[in-house]
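Visitor: Using the hints, position chains E, Y, C, S, L, R and X against chain H.
Protein chains in written order, with this note's numbering: chain H, 1 to 248; chain E, 1 to 248; chain Y, 1 to 248; chain C, 1 to 248; chain S, 1 to 248; chain L, 1 to 248; chain R, 1 to 248; chain X, 1 to 248.
Don't take every hint at face value.
[As the list claims (entries may be wrong)] Straight-line Cα separation of at most 27 Å, DSS-like style, residue types lysine-lysine; simulated pairs: (1) E/K4 x H/K4; (2) Y/K4 x S/K8; (3) L/K118 x S/K118; (4) C/K74 x C/K59; (5) L/K59 x R/K59; (6) E/K120 x Y/K120; (7) H/K120 x C/K118.
No lab work stands behind these hints, which were simulated from the structure alone.
There are 8 protein chains.
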Amino acid sequence: MDAKALRKLLEEVRGGTLTPDDAVSRLRHFSFEDLGFAKIDHHRKLRTGMPEVIFSRGKTPQQVAGIFRKLAAKGGNVLATRADEEHFRAVKRVLRKAEYRELGQAIILRQDDTVYGKGKIAVISAGTSDIPVAEEAVVTAEIMGNDVSHLYDVGVAGIHRLLAHQTILTEARVLIVCAGMEGALPSVVGGLVGVPVIAVPTSVGYGAAFQGLAALLGMLNSCASNVSVVNIDNGFGAGYVASLINRL
Amino acid sequence: MDAKALRKLLEEVRGGTLTPDDAVSRLRHFSFEDLGFAKIDHHRKLRTGMPEVIFSRGKTPQQVAGIFRKLAAKGGNVLATRADEEHFRAVKRVLRKAEYRELGQAIILRQDDTVYGKGKIAVISAGTSDIPVAEEAVVTAEIMGNDVSHLYDVGVAGIHRLLAHQTILTEARVLIVCAGMEGALPSVVGGLVGVPVIAVPTSVGYGAAFQGLAALLGMLNSCASNVSVVNIDNGFGAGYVASLINRL
Amino acid sequence: MDAKALRKLLEEVRGGTLTPDDAVSRLRHFSFEDLGFAKIDHHRKLRTGMPEVIFSRGKTPQQVAGIFRKLAAKGGNVLATRADEEHFRAVKRVLRKAEYRELGQAIILRQDDTVYGKGKIAVISAGTSDIPVAEEAVVTAEIMGNDVSHLYDVGVAGIHRLLAHQTILTEARVLIVCAGMEGALPSVVGGLVGVPVIAVPTSVGYGAAFQGLAALLGMLNSCASNVSVVNIDNGFGAGYVASLINRL
Amino acid sequence: MDAKALRKLLEEVRGGTLTPDDAVSRLRHFSFEDLGFAKIDHHRKLRTGMPEVIFSRGKTPQQVAGIFRKLAAKGGNVLATRADEEHFRAVKRVLRKAEYRELGQAIILRQDDTVYGKGKIAVISAGTSDIPVAEEAVVTAEIMGNDVSHLYDVGVAGIHRLLAHQTILTEARVLIVCAGMEGALPSVVGGLVGVPVIAVPTSVGYGAAFQGLAALLGMLNSCASNVSVVNIDNGFGAGYVASLINRL
Amino acid sequence: MDAKALRKLLEEVRGGTLTPDDAVSRLRHFSFEDLGFAKIDHHRKLRTGMPEVIFSRGKTPQQVAGIFRKLAAKGGNVLATRADEEHFRAVKRVLRKAEYRELGQAIILRQDDTVYGKGKIAVISAGTSDIPVAEEAVVTAEIMGNDVSHLYDVGVAGIHRLLAHQTILTEARVLIVCAGMEGALPSVVGGLVGVPVIAVPTSVGYGAAFQGLAALLGMLNSCASNVSVVNIDNGFGAGYVASLINRL
Amino acid sequence: MDAKALRKLLEEVRGGTLTPDDAVSRLRHFSFEDLGFAKIDHHRKLRTGMPEVIFSRGKTPQQVAGIFRKLAAKGGNVLATRADEEHFRAVKRVLRKAEYRELGQAIILRQDDTVYGKGKIAVISAGTSDIPVAEEAVVTAEIMGNDVSHLYDVGVAGIHRLLAHQTILTEARVLIVCAGMEGALPSVVGGLVGVPVIAVPTSVGYGAAFQGLAALLGMLNSCASNVSVVNIDNGFGAGYVASLINRL
Amino acid sequence: MDAKALRKLLEEVRGGTLTPDDAVSRLRHFSFEDLGFAKIDHHRKLRTGMPEVIFSRGKTPQQVAGIFRKLAAKGGNVLATRADEEHFRAVKRVLRKAEYRELGQAIILRQDDTVYGKGKIAVISAGTSDIPVAEEAVVTAEIMGNDVSHLYDVGVAGIHRLLAHQTILTEARVLIVCAGMEGALPSVVGGLVGVPVIAVPTSVGYGAAFQGLAALLGMLNSCASNVSVVNIDNGFGAGYVASLINRL
Amino acid sequence: MDAKALRKLLEEVRGGTLTPDDAVSRLRHFSFEDLGFAKIDHHRKLRTGMPEVIFSRGKTPQQVAGIFRKLAAKGGNVLATRADEEHFRAVKRVLRKAEYRELGQAIILRQDDTVYGKGKIAVISAGTSDIPVAEEAVVTAEIMGNDVSHLYDVGVAGIHRLLAHQTILTEARVLIVCAGMEGALPSVVGGLVGVPVIAVPTSVGYGAAFQGLAALLGMLNSCASNVSVVNIDNGFGAGYVASLINRL
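Next comes chain H alone, as it looks inside the complex (with noise of 0.2 Å):
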């Protein structure tokens, strides 16, 4: 039941053809989601050019191209995330203009171009092998309508090498890094600015890395306290996580 549903049945009480008893019954059976129309425009601004997004792993290229032409009718920006060539070529069939981020394993169509975001987003990256996770966040940070700079291979152990770029962090304002191993990066980085930091543990490493679980640890039990941490290989929740601050 939506407004004019409600309307109707409003005209119907005031015309007398239903009791306010009997419209109370009825209205006892509506579902929330029928009256909750209200709740959508609190955030209708927030809300406004954020891309339709698909997870794509575990699903069959027929699969990701047929969600991904069905959100791109929507008119907004599409995000496939997690997808491989094979997805991609899969899409590109049926939507000429989609591109391929193959560093962040992402397939996007841009219908807007608007820039949401009222500062930078930096990500940081601390070895190589964390490159396609800091990629999933930059894809993610550019689709929603910001202006992303990046920095990558600046691991604590060579800590002047990102001493030597800080320029990129301070302008930025907000930062995602992205790290495996032992996750020191966002702590580092966190003790280097005065903004909010969202962490991502990779699951780069090998033997106690665990799959991310130390990293992750790790940047749970940061020692700077303006970073936040998602999910091990979640560069795409950084990135929407920045891109929602980014907005404010």
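Guide: The following block gives chains E, Y, C, S, L, R and X in isolation, referenced to the frame of chain H:
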């Protein structure tokens, strides 16, 4: 806003002092709760006779007594779990009819003696150390209006003792099985009956028992298909679930 | 030794061809199983209509087909879980009436259409990736003679979609709720109904989902008291327990 | 060596009393800190109004009081977290204006009442036992110059209570959500708002809650994309991150 | 129902006062235990001389004393493990002959001095902190009628000390090896002897010892094939298993 | 240096061609092994008939065949565990008498048919999936000269099937019990016999079985005192330990 | 900016073409790295002869070959770890002098044959399966200019074999000890020598070895005080640390 | 049996009072230790100046004092770690020269002031709470005859403070780095120096720090290749290893 308020609004619509448009606007700001009373009706029958419950651990005797009195005023049964004697003394002072079930560390107040359960609930425990958890289940099931039998200290290493009391098992409509250490009892009991078994891992044991983790994992992997599991030491939860099943 | 054999022995005692002493000696060597037939009677009613079940994973198509045919010969329903299309083709060749339920990866044979369940079982799942587990529960409950409804893709991050379909929840006598990732859905559903909820953690997710561990722990710690839990991805177990409850 | 010292060295070079070679040698021994003063300027604006913070647990009342007085002398706000009443009495003796926020176990000193936050920060907690962590977040956000609202005891098993107070959620620019046990609340809240949500797992619960691990894993796997997570019981960290976001 | 009762029933059948049909009916209701006496005969020899055992931790001195006296009345040896001096004083008051083995925290009562073990049991421990566990094994093996030798403080980091006492190792028919920390001793000992080694991980250590987990895992992965393992700190279990082996 | 060499040295001393001082010097450089022959004597009897063993997994067929031939040349029995058919074909080519025990994935060569075991070893397994591990134990015990009986598929959820075959249990001098999932069978079996039980957790199961961890923890916490445990899936180790016990 | 650039700037100051104020401004924008050359001097001696290193796993043969050639151009030794034969073939094509160390899965290029190590490094491994990790350590230490001896397959269950080769242990200035399963070897070796021991847990084993976790925990809890530990399977790290120590 | 005894035996052989055969027999029963004295010589130089060490926790003051006096009698330095003031008072009573190092919770007795270390050992700690562990390392290194410098409270979130004190880092021959929480400091320090770094995880932190596990995993996964790790809170072990290295 309850039904009365809603009716008033509809009367205004009928009376023409409120246009349908304005009514829609005002309805948009109603909280879901306000309109949700119908939903509660669906379960009225099921919810009748449910006790009010307090988790006492971490609360002072005064806090428990205060909450207890307030809940008692609603007229139904009241149950305070994980309560020690100090908690009880404080409750006793404000509610003379309150009783202490020492083994199950529970304070109860019986104001409703209706039998809601259709059959018998049997509570089985593997060792004497599991009894406090088993008794919490017993007290919970009793206060919720069930006929409860129990069978304690029938560990799987002495399987004949369990088999010697099969009648208790086969007479029950639902069973609760509490065990620490290797947590094997629910599987054995599950294989002897054709009704649902609620398994409660207990934190009894030492070393590789890891505070109930061994028993929990054992129960989740039960080779008996009629077993489902609640949290470690959660006698209350088991009693509650069993009571709901026994009302069906 | 069955009842007949036992009676024969007693006849010999009565006839004097066997002394009581010799009878005791011979009885001493009877296995428990031999004398245990009475026990099975207790559950005859409950056990009627139970399907024969095969866990297919790790078995060759030929093995599954062989067991399937043997179980089918008993005359009741047969269910093979975790079966792929190759398993099905092998079964189909020996039993033309066998059907494949692709979504739930189950092979079924219906030879008994009796409705054993007294009410409706509702199966709810949080995301589309949880559907295989949910469908295993659906197939299990159906083959055990229940009226099953389902509601898929109602994750807690879009709570209104769930609330919009409350009727399915409130009409059920037992509910099965499947969720991966944070496993929060059973708590929310548990709070909306007054009947037992069987929670099934799924291995859906990545990183800190740890193959279903996060969901499992979440469900074991549910703040809704009517929730009990089965093993990760154990749709069959949930369907089985729910069916037992629904027969009561 | 600050700018003045550097200039002095350059003057010497210009004056010819120091050869370029010798200057290079001396510069080689400058620490990075000495030359790094520019960097601090970048964040001067962001850092203004940041409180000085003491982690009291494990420190004697005397130690806390000593550090507190020293930090207070800098003129800004001071916050001592995880402080008990003994800590407070010691601080009170040396700083009469210090206040104790008992629920949040925090000692505060307000010397700067500027409002730095642009919007409202809402702090939500699932159960009454989560309140100490929630209050630590509240105190932190307040002392950092924010308008803070809160909503306590709105667990996911009673979703309507949360929905009934949606205004608090939708009015906030940033949200902090604290929950123990299954830690599901951030996902639900995340789905209801379009702004960043900082999730704080608490160590509330028992058994398979594993001192907050269940809640932590649940939050890291949140199906709501706007959720990021801080350490277990880290109300301070959440308040700090939320404050930084609210200043942007 | 014991043999006598069974014979009585059979006599009635012979006498014609009970029909075979009625006899079958009555036999159906006999518990398994009642008919199971034959089974116990099989192990009579093995079970002779087994002590009665009480796990004292978590029991009050009065409870331990009560159980102890009751078990002592059976005429065999009695062992109370994990007992402190208070437990002992309570037992001593009711049984003057009871002795306290302080190192092994065990109360014993010797009423049967038969030697049941065919050879020697050697108990080896890695460090002085492992002695309480080792002594629990010693006391258990002694009270079960074995000749027990021991060798303490022969950690693997001082391998020559162990080698210097090889006679103790090579003279034993079964060995018990207790070790905390890295738990390496059973592997080394296992390699030096050709008889079964029972390994007992102890909770000795700190940090990454994780209360005996490191030692437990080490022992389970022993490269010596003659090693089997019991629970952390389970000196009693090791002594019991070794005694059973030594009787063979 | 063996006994002969040592004697030669001593003869030289006696003959005066070597001074005692020089003899001491030379003895100082002898390795321990050289002088350790006495030690080996101690176990000569026990070690007789021990098979040579190869762990095949991770080795190429050629490597296994090579080692196998070399070990066969020593004249005793040879056992290659975790071997697939390719391994076997390679071995067969170089040793025609080698046999493949498919169920237990073992290649054996019998060159010594002596019976070393004094009694019977019984191998019990809980489910059909545990059979490969159980068979590895059977093969190991057989090749080490034991009379081995087995009883498969007697899970604890069907306890009567186990009880129906108690003779196998009670006739054994040592038992090996293999179980995955909840690993409860050793406790039940342990309670039915008075001899040592070697428990083998298997990696059978899914979800919260965690590749055998659940079964392992269950067995370590067994409430039956005659149970000791070997590594997950370590059928060989269990067979080896049981054989050593059976020789005593 | 290197020393030359800095001198040029200072010359300008001396020459008066740059005011001290402008020089300060320009220096402020120098990156730390630029001014950091002094620091490198401190370690020049230590760093001489350090190989360039590539972690090959996860990189394509082309990528490895490309990086390898670039690093080779610097003139020092080059080491590519975790490289397979395909990696090698690609490198060989661009650098004919490159060699493949198959056992250690390493590609090396020797362009500097200086011996930097002052003593001998001994690499010890417990079983044949640990050899790949041990060889990675050997190759690393050799390419870094050390005299390396090794001793393989000396597990703790055959302690005499280790003792028979004590000379290798006692002649070393630093030792690397690799072991999987229970990881006990470093403790035994540590007790036999008076120099630093670098322990490398390997992922060798199955079941409760948990991919090297058991060995790792064992080594961290070593009762030998001269043992420190690197990551699971990290032969390279051990070789690197040992080489640094051997240069001191 | 020492060299003298051996010579005596050989003299008897030479004198003809002992036949070579009888000598072989007697030598067979010598323990390895007896003949192993040569081995100890190898390390005599390295072992000189090693302190005698007592781990005090879990020992009574009287026990510690007793052992301390006995060890002091050997003439070298003595160190009691994890000692509280009561331990010290007991030691002081029997050894007036004993000193208490409160920060490091260590009792020391200096009887040998020789400097054995060739260079400086630097001990670095991340936060003030890590100081007790750092001081344990300092005391250990000092009592073993090293020149020790330290640098405390230089966490990675304030990287400039660390960089400002680089001299301490670059002057050290070996470094010990202690850190709790995310344990990132060793990686940063490791990247700044070219010498071995011993990392000590501390149990400092809360929540997901899991008593030092997060720091431990972080350090094991360090991206700096010159880092090796000791057990959580094991300041003594780090000091010991560093001292051994510094003697080389």
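Visitor: A separate judgement is required for each hint: does it hold in the structure or not?
Guide: Verification of the hints:
Restraint check: the Cα-Cα separation between E/K4 and H/K4 comes to about 24 Å, which is no more than 27 Å; the hinted pair holds. Proposed proximity of Y/K4 and S/K8 is supported: the alpha carbons are some 21 Å apart, at most 27 Å. The suggested pairing of L/K118 with S/K118 holds, with an alpha-carbon distance near 15 Å, which does not exceed 27 Å. For a cut-off of 27 Å, the pair hint linking C/K74 to C/K59 stands: about 21 Å separates their Cα positions.
At most 27 Å may separate the alpha-carbon atoms for a hinted pair to count; L/K59 and R/K59 meet this at roughly 26 Å. The suggested pairing of E/K120 with Y/K120 holds, with an alpha-carbon distance near 23 Å, which does not exceed 27 Å. Of the pairs offered as hints, the one joining H/K120 and C/K118 holds, with about 19 Å between alpha carbons and a cut-off of 27 Å not exceeded.
Hint violations for this structure: none, all hints satisfied.
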